[in-house]
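S.K.: One-letter residues, chain by chain:
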Amino acid sequence: MTPDLKVEIAGVKFENPILTASGTCGYGEELADIYDLSVLGGIVTKSITVKPREGHPPPRTAETSSGMLNAIGLANVGVDKFIDEKLKFLEKYDTKVIVNVAGARVQEYVDICARLADCPRADMVELNFSCPNVDEGMEIARDPLLAEKAVASVKKVFGRPVIAKLSPNVTDVALIARGCEAGGADVLSLINTLVGMAVDIESFRPRLTNNTGGLSGPAIKPVALAMVNKVYKAVKIPLIGIGGITSYQDVVEFMLCGASAVQVGTALFVEPDAPVKIIKDLKKFLIKRKLNKITDLIGQLKEY
Amino acid sequence: MSKITVEQATIERKKELGNSYFAFEISPFSKVKAIKPGQFVHIKIPHTDIYFRRAFSVYDVHPQKKAVEIIFKVFGRGTALLSRLHPGDHLDILGPLGNSFAFPTKKETALLVAGGIGMPPIYFLAKELAPIMTNKSKAVFFYGGNSRTDLVELARIKRLGIRVVTATEDGSLGFRGLITKALAKEIDGLSGDCRIYACGPEGMLKAVDRLALEKSIPGQLSLEAPMPCGIGICLGCILPLTAGGYTRVCREGPVYNVGEVRL
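Chains as they are written, first to last, in the working numbering: chain A, 4 to 307; chain B, 575 to 837.
Take the hints with a grain of salt, since some may be wrong.
[Claimed, not checked] Reference listing, derived: stretches of chain A covered by chain B, where coverage requires no fewer than 3 residues with Cβ under 8 Å from a Cβ of chain B:
#, segment
1, 52-60
2, 68-80
3, 243-255
4, 265-274
[Unchecked claim] Between beta-carbon pairs, the in silico distance windows are:
#, chain 1, residue 1, chain 2, residue 2, range
5, B, S594, A, K293, 48 to 58 Å
6, A, K293, B, R730, 54 to 64 Å
7, B, E743, A, D97, 51 to 61 Å
8, A, D299, B, P620, 26 to 36 Å
9, A, A120, B, K577, 31 to 41 Å
10, A, I204, B, E590, 24 to 34 Å
11, A, I204, B, R730, 48 to 58 Å
12, B, R587, A, L178, 57 to 67 Å
Just so you know, the hints here were simulated from the structure itself, not pulled from any lab data. The structure displayed is predicted, hence computed values, not measured ones. Ideal Cβ positions, reconstructed from N, Cα and C, are used throughout, including at glycine.
Please work from the sequences and hints to get the whole structure.
M.R.: Here's what the structure looks like:
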């Protein structure tokens, strides 16, 4: 019997729990040169802002042990071009489209989501409260009341499910998670990148023009797992796990810790076809473990 | 059908070219026939903690053997670890990536300028141009480096049958000095249209860019930037455009018209 990889999150049906993470898959066009995007459970597009942004000057990425630092600075085409061109391109594929939205103020999230409310192919929005590479936005990530207000404001204008993406760069992630839940978030996704730094010992300068960047990749997986598990116990809404996922084993770990789905991020830079392999391997794992449904894994972590 | 593929291939041949330069022949690669001069492949260095792939311009292709050849110089840990691999070792190869050189028109003389490790894509272009050129004097291969040990595979370049001009900064081979000096001299003596193609160190590319703009000669430069993903999704390998904004070297490049990128 073929195991069932389908998951349903906030009423949205995904063919499998493997999504791409925002900022690591562009708007899908590049990955579509390698494989059919319809294999993905969903695609989370690069953060969009009201106006297009160029991002930070180079260098804005640096290789680190088991991961990378980035300070791209939310480079994106802006909401108008996104709706006119990028979303249209994604309509060809039979996968769920989650639009990641970023802003400096609550009103900007509201403005973008109001526009997206008229685009039926935007199945969900993911509110990026947590980009560590821009000056704005982090207050929402760190203030549960502001996060609650932001989610509630977006909920009023966007009629479909809203995901709040949480930052690990906070004192207590569960506190922010509860704030988002109180604001009416349908789903939480976590984690975004951790603030990090790399230094060039020849020039005595940081290796990124922004000085610091967001650390991602396998290096952050243990942090992400711990935070997913903590938030799983703190809220009732479903979670999407993010952080260093490169293999089916990683997916199983995140689901056991409470994630209903995952986003594959930095791994796409190294293995752009990682989701294809993971989906295949997950099926084999379920057969081996005699599990009929992948949802049987969610939150099944046995505590010591 | 996918334009780009990720495949497991094998190092079929390894050649040490001296002065930390190495050549690998890698096969099979199913997209070998589709590779155009100027394009590159992205290779994962196996069994190491090196996280990103490394980009290598394609030096040559052998469609019958489904083989791709690359040349690299050991610069950092990634290339050092790669140089320790042997025939029979497996590599994960992603490609073909990036854009490619536009061929010259029939009346244009192709001035092919290679500096040090920038030689591979220029050789591949010269190899593709050689058979379609009715007159071999319509192409000149300029090859420069610090010393003669930087001018690897010179015999193979010469076998293409086009004129080769060499320059070394220490004077150990060819002109003493920068290859761009030799190029400027050639341009001054040329009659008729020409087109420049260049790949090499930043200083050389800046000089070629300036020279081409000054003399209103069309041309293309193959540029380099650290490339985490190679396919355009990480936005890490950007360079500023002269017209404003940034370009992704791995996706819109690595080949740009002279004057297009702010070097």
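S.K.: With a C-beta cutoff of 8 Å, work out whether three or more residues of the segment 243-255 of chain A approach chain B closely enough for the coverage to hold.
M.R.: With 0 residues close enough to chain B, the hint is violated.
S.K.: Please check whether the segment 68-80 of chain A has three or more residues whose CB lies within less than 8 Å of a CB on chain B.
M.R.: holds (count 7)
S.K.: Holds or violated: the 48 to 58 Å window for the beta-carbon distance between B:S594 and A:K293?
M.R.: holds, 54 Å
S.K.: How about the segment 52-60 of chain A: do at least three of its residues have a C-beta closer than 8 Å to a C-beta of chain B?
M.R.: Held - the segment 52-60 of chain A has 3 residues with a Cβ nearer than 8 Å to chain B, which meets the minimum of three.
S.K.: Is 26 to 36 Å a correct range for the gap between the Cβ atoms of A:D299 and B:P620?
M.R.: Cβ of A:D299 to Cβ of B:P620: about 35 Å, so the range 26 to 36 Å holds.
S.K.: CB of B:R587 to CB of A:L178, is that within 57 to 67 Å?
M.R.: holds, 60 Å
S.K.: Is the hinted range of 51 to 61 Å satisfied by the C-beta distance from B:E743 to A:D97?
M.R.: With a Cβ separation near 58 Å, B:E743 and A:D97 satisfy 51 to 61 Å, so the hint holds.
S.K.: So does A:I204 sit 48 to 58 Å from B:R730, Cβ to Cβ?
M.R.: About 38 Å separates the Cβ atoms of A:I204 and B:R730, which means 48 to 58 Å is violated.
S.K.: Note whether the CB distance of A:A120 and B:K577 lies within 31 to 41 Å or breaks it.
M.R.: holds, 35 Å
S.K.: Honestly, do A:K293 and B:R730 meet the 54 to 64 Å range at C-beta?
M.R.: holds, 59 Å
S.K.: Between the beta carbons of A:I204 and B:E590, is the distance compatible with 24 to 34 Å?
M.R.: At 30 Å between Cβs, range holds.
S.K.: If you look at each residue in the segment 265-274 of chain A, do at least three have a Cβ nearer than 8 Å to any Cβ of chain B?
M.R.: holds (count 4)
Checked against the numbered hints given earlier, the structure breaks hints 3 and 11 and satisfies all the rest.
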